[in-house]
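> For the protein sequence lines, the chains are A and B, in the order given. Quick note on this note's numbering: the first sequence kicks off at 1 and runs consecutively. Quick note on this note's numbering: the second sequence kicks off at 1 and runs consecutively.
Where hints are given, some of them may not hold.
Covered stretches of chain A (in silico footprint by chain B; criterion: 3 or more residues with CB under 8 Å from a CB of chain B, positions within the stretch not fixed) [unchecked claim]:
(1) 202-211
(2) 221-228
Reference excerpt, derived from the structure (chain A facing chain B, CB under 7 Å, subset only) [said to hold, decoys possible]:
(3) P44
(4) A46
(5) D215
(6) G217
(7) P218
(8) L238
(9) K249
(10) I250
(11) D251
(12) A263
(13) P266
(14) G309
(15) P311
Read the hints as simulated data drawn from the structure, not as lab findings. Predicted model only: the values in this text are computed from it and were never measured. The beta-carbon is built from N, C-alpha and C at its ideal position, and this holds for glycine as well.
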Amino acid sequence: MSIIARTARWACAACVGLAMASGAWAQAGQPPIRIGSTLALTGPLAATSLVHKVVGEIYVEQLNKRGGLLGRPVEWIVKDDQSKPDLARTLYEQLITADKVDLLMGPYATGAILSAMGVAQRYHKVLIHHTFGIPSMAKYDMQFPAWSLGPDPGTTVPTTVLKALAASPKPPKTIAIVTSKFPSVHFMSLGAREVAKKMGLKEVLFLEWDFGNLDYGPIAARIKDANPDFLWVGAIGLEGNQLLEAMHKIDYTPHEHFYLYPAPGPMSKSPLANDAMSVTLFEEHPPFTNAPGAAEFIKLYHERAAKAGIPDPTVEVQAAASYTAWQILEAGVRGAGSLDDKAIAAWIKTHRVQTITGNLRFDGPNNYGDDLMKVKQVQNGHWVTVYPKEFAAPGATLQVQ
Amino acid sequence: MTFPSGTLLAQSALSGVFIGSLYGLLGLGVGLAWGLLHVINLAHFAFAFLAAYLCYQLASVGGMDPLLTLALIVPLFAALGAALQWVLERFDVSPLNSLLATFGIAAIIEAGIQWEWTADFRKLESVYAGRTFKVGVLFVPLPELLTLLLSLILAFGIWAAMRYTNLGRALRALAEDAPIAAAFGINRRAHALVLAGVCGALAGIAGVCLALTYTLTPSQIYAWVGVVFAAVMLGGLGSALGPLTGGIVIGVSEAVTMAFVSPSWAPIVSFSLLIGLLLLKPERS
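Pulled out of the complex, with its shape left as it was, chain A reads as follows (with noise of 0.2 Å):
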């Protein structure tokens, strides 16, 4: 055998060889499925992002001990995007381009999915996306919404609330819309406006300020001399609060109230809010709590915020969105049997999807489902769902002054 016959043979043996052993390393321990995101971990987003950085970890952790996703563990590579927009578009390039995830995961909230949004359309990377308010402006067909508003909120969430008031023992009459302009709230007050005409309420106030507000001395006198009785006030964040206390200083409570989006833990427990409505997609009682994971989940959650150091480490919507998120991803990738975008956006396409917030199904307009939203009340010091009925805690009703 010539020499290099001989050399021949050895490199052959050699390359089967180190085949067989990268495989069998391969198999022990194989490389884990990335998932990129981004959160607003500083800056004025921060403190709900939080929520939705615990979730994902308390998922991922949970997903690896089922045994990851295809057989391959999951890793979770999150970037602070300081709630900015522009850097959260910067961040998600990166994530695909540099970092070369596998799947992408949404950020916190509007603003910045939109940015992700338009990335991961540029990639033809499928986005899931917890908490996007303005359904109309998801146009990419590849995105997904855990945050169930239905394709038209504008109408079907003031609908819902309406008739749970027209349900109630005094149904009002008449009603004030006072609302920030802040993108994903402005459109549903102005919903609001059609629709308590539609349904007979006589507007008695309509106002409207600037996000960034910093008096609402004058905003709670107009409230007062108006008198309404139901107040839909189009508030996100600490902006409810504000009000509410505004108006306490001048003497007055309001009859029947709602705030779109308040910062759920400060409203709950401030002793102003008593009665004060809002729309939920979980809470923490039956019926929600007997989904399939969510007693789990909760024990987790618990346990994981308070180390955290969130205030209030109740699970309610923004938690319950950001666990329905993964679900969504899960189901898409286990149903889809592969990490190809096309194939998991088509399987969740066409499928309908198993969550703590639901039976979800992604076939309408954008992709969005059904307008899950119920109707919550504080009573006590604590959110209960009041309506509709078969979504209510154990005993609890819709309570008018």
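Given chain A, work out where chain B should sit, using these hints.
Same frame as chain A, but now just chain B:
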């Protein structure tokens, strides 16, 4: 547009006076530093919020009366203000660069607040919080009234000090022409440190007022910058009474706009006032 009732208008105007006094209190330190030290101090807002969080901590956790926390907060923030001035002097920072440098310091303080207290909302529940009393048909909340009284006392106190004391005269002389003032034996550096300390103390007092009235979150630091700068510009740089007057003019004009038209028009009216004034009296810029 419907004409509001007299009570609504008066209650709104009162609300404007109260918030205007807080603009003025925050603006007092900013205006003095800008006009007399030529330092555009954005860190002043961060100092105020740091003081607010300290007040929250001392009152909520330590059980102190929020007003008593001033005994700790005022000297502490006076020292901080003087230390910042020393650093700016040490590196010979120009007025424009002071804006950038103090913005950086504000960002660092914001991060520090977030690290210690998280980005979540903090509300100081004090004995003063829920107290409101009635004067005729008007409701007067105690925390806001305290802010107004403190603003008036401080603004008039500083005005008197600037006018009638040697220290005040020296500071005004330094602002007018530092080399000539130095030729008359005025120690510029020492006087600047004293004034910066006073501005720091004012930030501390404004912080306590913020904690008494508002729910705190670190990012709120920047929400006050625009309107307080407007109050300072309206009132005049280096003036003791100007920021309070400017603040109240802005607060009342915003509140009355909210009562007459719509809250979303309020910033347009107040900033139109500022632009109008700067066009008519450009020397204020």
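> Against this structure, judge whether each hint is valid.
Structure-based check of each hint:
1. As drawn, the region 202-211 of chain A meets chain B at 4 residues by the rule of a beta-carbon pair under 8 Å; at three or more, the given contact holds.
2. Counting residues of the region 221-228 of chain A whose CB lies closer than 8 Å to any CB of chain B gives 4, which reaches the minimum of 3, so the coverage claim holds.
3. Nearest Cβ of chain B to the Cβ of P44 (chain A): about 4 Å, under the 7 Å cut. The hint holds.
4. Because the beta carbon of A46 (chain A) sits about 3 Å from the nearest beta carbon in chain B, less than 7 Å, this interface hint is met.
5. Against a cut-off of 7 Å between C-beta atoms, the interface hint on D215 (chain A) holds, since the closest Cβ of chain B lies about 4 Å away.
6. Because the smallest distance between the Cβ of G217 (chain A) and any Cβ of chain B comes to about 3 Å, under 7 Å, the interface hint for this residue holds.
7. Taking 7 Å as the C-beta cut-off, the interface hint given for P218 (chain A) holds, the closest approach to chain B being about 4 Å.
8. Proximity of L238 (chain A) to chain B holds as hinted, the smallest CB-CB distance being about 6 Å (cut-off 7 Å).
9. Interface hint at K249 (chain A): satisfied, since its Cβ lies 4 Å from the closest Cβ of chain B, which is below the 7 Å cut-off.
10. Hint on I250 (chain A) holds. Least Cβ distance to chain B is approximately 4 Å, under the 7 Å limit.
11. About 6 Å separates the beta-carbon of D251 (chain A) from the nearest beta-carbon of chain B, less than 7 Å, and the hint is met.
12. Because the smallest distance between the Cβ of A263 (chain A) and any Cβ of chain B comes to about 6 Å, under 7 Å, the interface hint for this residue holds.
13. For P266 (chain A), the interface hint holds, the least distance from its beta-carbon to any beta-carbon of chain B being 5 Å, beneath 7 Å.
14. Below 7 Å, beta-carbon pairs count as interface contacts, and G309 (chain A) has one with chain B at about 5 Å; its hint therefore holds.
15. Because the closest C-beta pair between P311 (chain A) and chain B is about 5 Å apart, less than 7 Å, the hint holds.
Of the hints listed earlier, there is not a single one the structure fails to meet.
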